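Chemist: Going down the list, the sequences are from chains A and B. In terms of the working numbering, the first sequence opens at residue 918 and continues consecutively. In terms of the working numbering, the second sequence opens at residue 46 and continues consecutively.
Derived from the structure by calculation, the hints contain no laboratory data. Just so you know, nobody snuck in bad clues.
Derived Cβ-Cβ restraints for the label pairs, each shown as a range:
1. K68(B) - R1125(A): 30 to 38 angstroms
2. P1121(A) - D144(B): 55 to 63 angstroms
3. M152(B) - D954(A): 32 to 40 angstroms
Note that the coordinates shown come from a computational prediction; the quantities given were computed from them, not determined experimentally. Using N, Cα and C, we set each Cβ at its ideal position, and we do this for glycine too.
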Amino acid sequence: MVTETTEEAAARLVESLLKGNRRAAGRVISAIEDGGDAVEMLMRALYPHTGRASIVGITGPPGAGKSTVVDELIRVMRADGRAVAVLAVDPNSPFSGGAVLGDRVRMMRHATDPEVFIRSMGARGHLGGLALASHNALLALDAMGFSDLLAETVGVGQSELEVAGTADTTVVVVPPGLGDGVQAIKAGIMEIADIFVVNKADHPQADRVVADIRDVLRMDLKRPEWTPPIVKTVATAGEGLEDLWIRIRQHRRYLEESGELERRRRARLEQEIVEIAERRLREQVLRPRTATPEFRAMLTDVVERRMNPYEAAEQIVPKTAAAG
Amino acid sequence: MSEPRLRILMAKAGLDGHDRGVKVVARALRDAGMEVIYTGLHQTPEQVVRAAVDEDVDAIGLSILSGAHMTIFPRILELLREQEAEDIILFGGGTIPEDDLQELKRMGVAELFTPGAYTQEIVEWVRENVGEKAAGGSAAPS
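With the rest of the complex left out, here is chain B:
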C-alpha cells in the first residue's frame, strides 16, 4: 500500500491581507510531498472548519497577522470539537506575543511559529507531528 498522503489545510484568517508567508509554507509542504488545500484570504473560523471537515485534512495551518489570534484560534478549536473533529491538528503562525503563545498551546493549538521561523523547520514539524499521527491511525476508516 502507498504511504498515506498527508493533507494539510492552509488558511488565512482575519482581516490582514499578508498571504506571502502562508503561500511560501504551502509550497514547501507541497515540495515535501504533501497535498495542501489552500483556501485564500479572510477566512472565518466557520469556513476554515467546514473546509477541514469536507476535505478530511490531517491538520490545519492557520496564519494570523492581524492580532486576532486570541479569538480565532480558540473559536476554531471549539468548532472542531463540535464537529467531532478534534483529531485534526491545529497549528499556526503569526506575530504572537510569548504570553499568548503559551496560553494558546495550553488550549490545544499544537504548535505556533513566529516571524523568523525557517520554512524547513515548519515542514519538519508537520512531518514529525502530523505524519506520525496519520500513519498511526487513519489508513482504514475508523
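For reference, chain A alone in the conformation it holds in the complex:
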C-alpha cells in the first residue's frame, strides 16, 4: 500500500468537507485546533472556498443567556432559510486544562437539522492563539457552505474578546441586575458591540440596563454612521429574537453599503498575517538564539546586575538587524 502524504490526506479531507461530509468537517476542525503543520495544508485547500459567509460574534458575561439567545436565533434564522454553523467557545479549567463544554445543551433541538452545525471549543491550549484557531474553524464551516456563522464566547478574557473581534458583526448580550449597571461590561466589551441585547427583559431591572447602555453610547462619539441598537429579548420565551435578526441583517447591510465590511476584513487579515509572521519569528529566530548555554550565562549576568536586559536583547537581535 502506498502511504499517503499528509498533504494529500489534508486535500482529500477538505474535498470531502466541500461535498458536505460532516465527519470530514469535524476532523478538519480538530486538526485546526491541534495546530501544527496540518493547519497550513488544510488552509491551502480551504481558503479559496471561503469569504462568503457572514460571521456574527455573540459575547457577554457568564449567565447572560448567550446560549439560549443563540438557540433561539438559530430557530429564527432557519425559518428565514439560512444554513447556520455555531462555534461555542468555553473556558478550560486553569487547574487541569480540561473543560466541560455545555453550551450545546441549550441547542440540542437543532442537533439533527442538516442545515445546522454546532461545534464546541475549549479556550485554552491553541498553539497559534485562540482567535486564529476559532477563525480558521469558522472558515472551514464557511467553505462547507454555511451561510451564517455564529461565534459564541464568554466576554471575560482578552483572548475571548479577540474572538469576538474577528466577527463581522458583534452582538453583546447583557443580563439585568448585574449590580452597578454596565460596570461589568464596559471594559472592552462596550467598544466592540455593534448590537446590544438586553436578555431576560422581563426582569424589573431590564429598563435600567437599557438606559445605562444608552448613556454610555451617548458619550461614544466614534461612530457617526452606526449607533448600536439595543434589543430586548426574553430568550427562554423566544421573545425579541425576530427583532435581533432584523438588526443583524441591518448591520450587515450597513457594513456592505458603507464599505466597512471590506475595511474590517482587510484590517483583520492584516493583523492575522502579522500574527502568523510574528510566531514564525519567535520560533525560527528567537527560540534557537535563546535556547543556548550562552543565553543562560547572559541571563545570569543580567540577574547579577553585570548587564541590563536591553544589552542582553541587543546580543540576540542587534538593532541594525531589526531595522534591516
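Dock chain B against chain A, hints included.
Modeler: Relative to the frame of chain A, chain B by itself:
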C-alpha cells in the same frame, strides 16, 4: 507538539431524568484534563451520533437508567457505522443486568459501568482505552 486532548461526549439517553451520575463523571474527566462535551437529558440516538460527529469526539459516554439500554446502545452503534464513525468508542453506564451487559459488549459497546463503579475507575478506563487509541492514530488528518 502538545498531547492530543481527549474529547468525550457525555449524554443521557432515554426518558429518565437522573443526570447526577453523568455530571459527576463529566467533572471527573474534566479534572483529568479532558474536554467533555455535555449534551444534557433525553437525547435520541440520532442527536447523540450527530453531536459526536460534528464535535469529532474520541468517545461517547452514555448514561441510561431507564431500562432502554437494549434498544439505545445498538441503535447508536448502527448510526455510527452509517456515518463511517465506528472508530468513535462507545461506553456507558446504568442499571444493566449481567446478561444484557455481555450481549451489549459483544455488539461493540467497549465498556459498561454499573452502579457502584468508582469515578476514578471510569477515568482510568477512559485514559487507558480511549487515550491510547487517540494517541496512536488521530494526531494528523487521516
